[in-house]
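Given the sequences, and given the hints that come with them, work out the whole structure.
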Amino acid sequence: MVKKVTVLDYGSGNLRSAERALARVGAEVTVTSDQTAAMEADGLVVPGVGAFAACMAGLRAVQGDRIIDRRLAAGRPVLGICVGMQILFGTGAEHGVVTEGCGQWPGTVERLSAPVLPHMGWNTVAAPEGSVLFGGLDPETRFYFVHSYGVRSWDMPVGDGFVPPLVTWAEHGTPFVAAVENGPLSATQFHPEKSGDAGAQLLANWLGSLG
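Residue numbers (numbering that gives the first Met the number 0): 0 to 210.
In short, the hints are calculated from the structure, not lab data.
It is possible that some hints are incorrect.
Listed next, with one range per pair, are the computed distances between beta-carbon atoms [unchecked claim]:
#	residue 1	residue 2	range
1	Gly210	Thr90	28 to 34 Å
2	Gly102	Thr173	23 to 29 Å
3	Thr173	Asp33	38 to 44 Å
4	Pro138	His94	31 to 37 Å
5	Thr35	Pro156	33 to 39 Å
6	Gly207	Pro127	14 to 20 Å
7	Gly195	Gly172	23 to 29 Å
8	Asp196	Arg15	17 to 23 Å
9	Gly172	His94	15 to 21 Å
10	Gly210	Pro117	34 to 40 Å
11	Val97	Ala72	23 to 29 Å
Idealized CB from N, CA, C, for every residue including glycine.
Pasting the structure below:
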């Protein structure tokens, strides 16, 4: 059965490239800010480029933070891409401005510590055992990154009966979070829609995980 995916249009992100990449792997894709379409789709993709604060403002303007909350409460899959991943964390700190994020995960998005920024180009990632997103991909596979900010530490506590998220790391100057898989909520710092066949495989893996 063809999966229906909504790419959330909140004024930020590579909407059409995400749409084309998802269609390439067999999804029926709609690009919209319509809340009903976003809620009813089999999967919701939240892309994002630019500044954290601007993305959060755009997201709140279309009640995207509420849509994400409601989907996750119902166990319905969401995939964040680039700044669409970053806004899922607690806060973003850019240019001296601290902005509240969606708070799905604890942590602060901050400037990477590296001699050259932005981190732009192809890089490998270290995916954990059991990853669905990176299933069937060689450990030396490279993905396309464009960013100067990221999450440099993972501080989510693990309690009894709690399944910890699968966290994928990459390195540019210092380690940073490259992807997270947490039940229905997944996200990548890199751009799968710009990562050629590797990105297509990752998107196909995500699509295959949709209920």
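Hints, verified against the model:
1. Gly210 to Thr90: 28 to 34 Å: holds, 31 Å
2. Gly102 to Thr173: 23 to 29 Å: Cβ of Gly102 to Cβ of Thr173: about 24 Å, so the range 23 to 29 Å holds.
3. Thr173 to Asp33: 38 to 44 Å: For Thr173 and Asp33 the Cβ distance comes to about 40 Å; the hint holds.
4. Pro138 to His94: 31 to 37 Å: holds, 35 Å
5. Thr35 to Pro156: 33 to 39 Å: The hint (33 to 39 Å, Cβ to Cβ) holds, given that Thr35 and Pro156 are roughly 36 Å apart.
6. Gly207 to Pro127: 14 to 20 Å: Since the Cβ atoms of Gly207 and Pro127 sit about 19 Å apart, the hinted range of 14 to 20 Å holds.
7. Gly195 to Gly172: 23 to 29 Å: This hint holds: roughly 25 Å between Cβ atoms.
8. Asp196 to Arg15: 17 to 23 Å: holds, 19 Å
9. Gly172 to His94: 15 to 21 Å: Check passed, 19 Å falls within 15 to 21 Å.
10. Gly210 to Pro117: 34 to 40 Å: holds, 36 Å
11. Val97 to Ala72: 23 to 29 Å: Holds, at about 27 Å.
The earlier numbered hints are all upheld by this structure, with none contradicted.
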